[in-house]
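Chemist: Following the hints, position chain B against chain A.
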Amino acid sequence: MVKKYTSMAYAKADDMLFGNAKFPVKAGLGLEIGAGFTTPEINYAPRPQAGKSKDKLIKEYERITTDVMARMVQIGAPSIVLETEHVEQMSNNPEWGGAVAHAQKTIMEEYHDEYGIKCALRHTIGDIREDRDYLQLRGDKYSVFLEAFEECAKSGADMLSVESMGGKEVFDYSILRNDTAGILFGIGVLGSMDMEMIWTDIAKIAKKTGTVAAGDTDCAQANTAMFIAGGLLDKNLAHTTAIVARAISAGRTLCGFESGATGPGKDCGYENTIIKSISGVPIAQEGKSSTCAHSDLMGNVTMQCCDLWSNESVEYHGEFGGTTVQCWSESLAYDCAMMNTSLKLGKGKDLRDILALSDKYRDPQGYVVSYENAYKVGQAIAKDGNNNYLRAKNAAIESCNIVEEGINSGKLRLTRFETNALAKVKADLVALTDDADKFMSESLTKYKQEVAVFRPENYGL
Amino acid sequence: MLDLKLEDIDGILVRYNVALEKEMTPDEAAEELYPKDELIYPIAKSIYEGEEDDVVDGLKAAIAAGKKPIDLINDALMVGMGVVSKLYDDGIIFLPNVMMSADAMLNGIEFCKSQTTEVPEPKGTVVCHVAEGDVHDIGKNIVAALLRAAGYDVTDLGRDVPVDEVIEAVVKEKPIMLTGTALMTTTMYAFKEINDKLLEKGLKLPFACGGGAVNQDFVAQYDLGVYGEEASDAVKIADAILASGNDIEKLRAEFHKH
Chain A
1 MVKKYTSMAY AKADDMLFGN AKFPVKAGLG LEIGAGFTTP EINYAPRPQA GKSKDKLIKE
61 YERITTDVMA RMVQIGAPSI VLETEHVEQM SNNPEWGGAV AHAQKTIMEE YHDEYGIKCA
121 LRHTIGDIRE DRDYLQLRGD KYSVFLEAFE ECAKSGADML SVESMGGKEV FDYSILRNDT
181 AGILFGIGVL GSMDMEMIWT DIAKIAKKTG TVAAGDTDCA QANTAMFIAG GLLDKNLAHT
241 TAIVARAISA GRTLCGFESG ATGPGKDCGY ENTIIKSISG VPIAQEGKSS TCAHSDLMGN
301 VTMQCCDLWS NESVEYHGEF GGTTVQCWSE SLAYDCAMMN TSLKLGKGKD LRDILALSDK
361 YRDPQGYVVS YENAYKVGQA IAKDGNNNYL RAKNAAIESC NIVEEGINSG KLRLTRFETN
421 ALAKVKADLV ALTDDADKFM SESLTKYKQE VAVFRPENYG L
Chain B
1 MLDLKLEDID GILVRYNVAL EKEMTPDEAA EELYPKDELI YPIAKSIYEG EEDDVVDGLK
61 AAIAAGKKPI DLINDALMVG MGVVSKLYDD GIIFLPNVMM SADAMLNGIE FCKSQTTEVP
121 EPKGTVVCHV AEGDVHDIGK NIVAALLRAA GYDVTDLGRD VPVDEVIEAV VKEKPIMLTG
181 TALMTTTMYA FKEINDKLLE KGLKLPFACG GGAVNQDFVA QYDLGVYGEE ASDAVKIADA
241 ILASGNDIEK LRAEFHKH
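Chains as they are written, first to last, in our numbering: chain A, 1 to 461; chain B, 1 to 258.
Isolated chain A (complex conformation) (with noise of 0.2 Å):
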């Protein structure tokens, strides 16, 4: 059942704040996340030739969750929370996922059962519904891929998460050609009904297994344009279009919880100070703390509401301080301690505003998801929570909006090039129509044409 959010869970964007969530979630040995303060999330790919053998992954998997236990015990931190992110071979051999989950699970317990440590364990399966060729959202792919959230549940994973790739093809294909049709199109619309599907059925496996359905992210596209944008030097992409995308993808990504997932919502998602004002669900967040997986201009402002603080991914390897999992984990830890002192001393609001302005002016993407402005961004979407398209097209034109504020009080400087772009995808969006079935016929007929490996089936169209 999908029930459309039209109003926002927070009176003003003054009352949201880290640690803070309206809707805490229980989950694993212990744990409430948004329930009065942060928790670590520590997440980790492994070495690369550990995906020789089902043998040897569960062996590198135990090896971090050791690894990571034992560090957060010690150095005193009172809970935390292990992310693992699937490799394509356990999600497409279920079994495999399953038998990570439960030795993970396994340590986990006993840690929490001799320390009193308060844990629990996420599980991201692998979008695996593709081919070579072409996204195969459904069929045989999406009965493995259900049944890769079923077997990790049952066996011990307490949260389920994905990062899915519907409209990723539409995307991949308008984003590298300025397309602002194309790019609401891909994760607005394609995006979205996508999202509604794969997140009624993980709620319902959720529900049967005791887990939580905690939530999506839409790095496919999204991040795929913020990893595009770059740095302040690079000639990618406009950093003004990629906020435009990020805009977007709030109204894709709040499908997730709109279609049964409860929060917390996963750490890429930098749309999520958006989704937390519209849904009052936990989130996860990462910033400066997953400069080991990626750089961005957001460090700071994406710690200001998070429930989670996350460190992206970190390969398994041994550093001068121990394992890189003991490294970030125990880096995330004293972030989480700092933003819990502030909690207990009545200093949050102080420090989430310290976090937020440290980056605010350094780039349009984190003027916008500073949370006063993400909040403007909710209101956009909320307004026409109903209509998908919509709501998608009104939240990029409000970030268009935010970032000419911005620009006007003399506080947001940018170049000529992303000012014209901005005008550009701002000017797109305002001469696209209203009406989502007339959207829907012409971008359909648009992109069948331009898009090889669009097929229309994969969305039931």
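Hints in this document: simulated from the structure, not taken from any laboratory.
Certain hints may be false.
Residues of chain B placed beyond 12 Å of chain A at every Cβ, according to the derived structure [what the hints assert, rightly or not]:
| no. | residue |
| --- | --- |
| 1 | 36 |
| 2 | 69 |
| 3 | 236 |
| 4 | 245 |
Cβ-Cβ distance ranges computed for the label pairs, FRET-style [what the hints assert, rightly or not]:
| no. | chain 1 | residue 1 | chain 2 | residue 2 | range |
| --- | --- | --- | --- | --- | --- |
| 5 | A | 76 | B | 165 | 46 to 54 Å |
| 6 | B | 113 | A | 437 | 40 to 48 Å |
| 7 | A | 14 | B | 7 | 19 to 27 Å |
| 8 | A | 387 | B | 197 | 49 to 57 Å |
| 9 | A | 457 | B | 113 | 49 to 57 Å |
Note that the Cβ used here is the ideal one computed from N, Cα and C, for glycine as well.
Modeler: Below, chain B without anything else, positioned relative to chain A:
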């Protein structure tokens, strides 16, 4: 919400891109680079603007005026794309402009080929693929487009390509270079297998690798590996091979920056 005073922001962050932006607009910079020949100029300009139909119109006019279709590939289309590539390398235009120009150029090449029985002289072939088990192909698509834009023939094997299929393609196409991209740590291990099988067959060619999880240390572990940090490095590596040969150590000396 608390806020910063305008004068305080520079002490917290510096928008170096704003400070360094060139005075000249991209259009003005392009105008300075176009060839002056009145038949070639509109073709080059249409390539820069990414206008496929205008490119074909320009080609038709040039052919009607006596230019040979096969010559127009190098003398007009590649020249126009050269303007685009230079502006991209100089940081004046962005990647989407290059992609749209590449589309227009390739469309133009197809048109020229359809107007003649002559076959254009190839610059060299590059085989591109995404590692087995990996379906993330936007990086490979950018690499392939940039290589084509630079005049290379690209054999694009797609994504999730089995190791043996890559080897077969190298045997068949005899490329000057192979590229591999991967997003995940476990899939990039396939690069090492490809390296070993190529060497077993006595095939020694540069294997340019890059992508999300791929790093220089990993690529340097196998004999043929040359690390490309950016998609545009693929073109630079291919150009270096044409200019100075395919010595892996020399290429590493130039492209391994860390």
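Chemist: Which constraints among the numbered hints does this structure fail? Numbers only, ascending.
Modeler: Hint check: 9 fails alone, others pass.
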